[in-house]
Amino acid sequence: MNIVVGYAFAVMPSMEIDAYQSCQEDGFSKRWRRLYISVGYGSESVVFCWTILLFPSLVGLHGWTNDDYDAILHFWRTIGYLLGIEDKFNLCHGSYNQVVTSCEKLLHKDYKPVVEKADPISVAMAKNVTEAISMVEPLYTWPALATYIYELVGLPCPVDMCIIDKFYYNLIHFMMTYLIKFHRVSTCVNKLTRWKINSVERKDLQLMEK
Numbered sequence: 208m209n210i211v212v213g214y215a216f217a218v219m220p221s222m223e224i225d226a227y228q229s230c231q232e233d234g235f236s237k238r239w240r241r242l243y244i245s246v247g248y249g250s251e252s253v254v255f256c257w258t259i260l261l262f263p264s265l266v267g268l269h270g271w272t273n274d275d276y277d278a279i280l281h282f283w284r285t286i287g288y289l290l291g292i293e294d295k296f297n298l299c300h301g302s303y304n305q306v307v308t309s310c311e312k313l314l315h316k317d318y319k320p321v322v323e324k325a326d327p328i329s330v331a332m333a334k335n336v337t338e339a340i341s342m343v344e345p346l347y348t349w350p351a352l353a354t355y356i357y358e359l360v361g362l363p364c365p366v367d368m369c370i371i372d373k374f375y376y377n378l379i380h381f382m383m384t385y386l387i388k389f390h391r392v393s394t395c396v397n398k399l400t401r402w403k404i405n406s407v408e409r410k411d412l413q414l415m416e417k
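Using my numbering, count along the sequence shown one by one with no gaps and you end on 417.
If you are wondering where the hints come from, they were derived from the structure by calculation, not from laboratory data. Please note that a few of the clues may not be correct.
DEER-style ranges, computed between Cβ atoms [said to hold, decoys possible]:
1. A339 / F262: 31 to 41 Å
2. E358 / F389: 43 to 53 Å
3. I279 / V343: 14 to 24 Å
4. I371 / I279: 26 to 36 Å
5. K373 / S264: 35 to 45 Å
6. H269 / K312: 18 to 28 Å
We treat Cβ as the ideally placed atom computed from N, Cα and C, and that holds for glycine.
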């Protein structure tokens with residue numbers, strides 16, 4: 208699922224800038240702060256929720272029960288509450304069907320237009336996020352990841368792929384939609400990813416000590 212999160216977070220600056228500009232005339236009032244925080248939380252919760260709720264099998268989630276979905280929605284609902292988000296602005300407030308409907312609306316009205324007309328800052332951020340992720344998961348090259356995300360939301364991808372990128376893309380798709388279904392595979396992937404993350408953290412500490 209982290210392949211989706213990397214690119215999805217990259218469009219957040221555009222969404223938050225829109226909220227910033229729409230409230231400038233308020234002189235940075237409490238209303239502006241509430242709206243800005245709400246948009247920030249909404250952007251973050253959308254990243255995690257709409258991929259899980261709308262495209263579970265395409266982001267490696269298989270066999271989830273109703274209790275699993277209720278748990279993840281409760282988690283993000285609580286995060287919003289702790290941040291002081293009013294219920295009417297909390298994406299995860301309401302029943303499962305209500306949250307799914309809200310995610311679908313946000314996907315088509317807000318997220319897709321931003322991805323389709325991504326500004327240079329968002330694109331640069333997406334590339335940097337992808338480069339960071341590729342240090343842990345080499346399969347996630349920028350062209351392969353961008354193509355996967357664009358196709359996920361039903362948009363043509365403007366990024367060209369070379370032969371290696373196409374191979375990585377097909378491998379990602381095969382892993383997310385099929386291989387990860389098997390418990391042993393998912394367990395091995397989780398352990399391997401954790402080992403890689405620990406290795407990166409140790410390397411980071413070594414560089415900081417120099």
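Quick rundown of the hints versus the structure:
no., hint, in the structure
1, A339 / F262: 31 to 41 Å, "violated (23 Å)"
2, E358 / F389: 43 to 53 Å, "violated (24 Å)"
3, I279 / V343: 14 to 24 Å, "holds (23 Å)"
4, I371 / I279: 26 to 36 Å, "holds (34 Å)"
5, K373 / S264: 35 to 45 Å, "violated (21 Å)"
6, H269 / K312: 18 to 28 Å, "holds (26 Å)"
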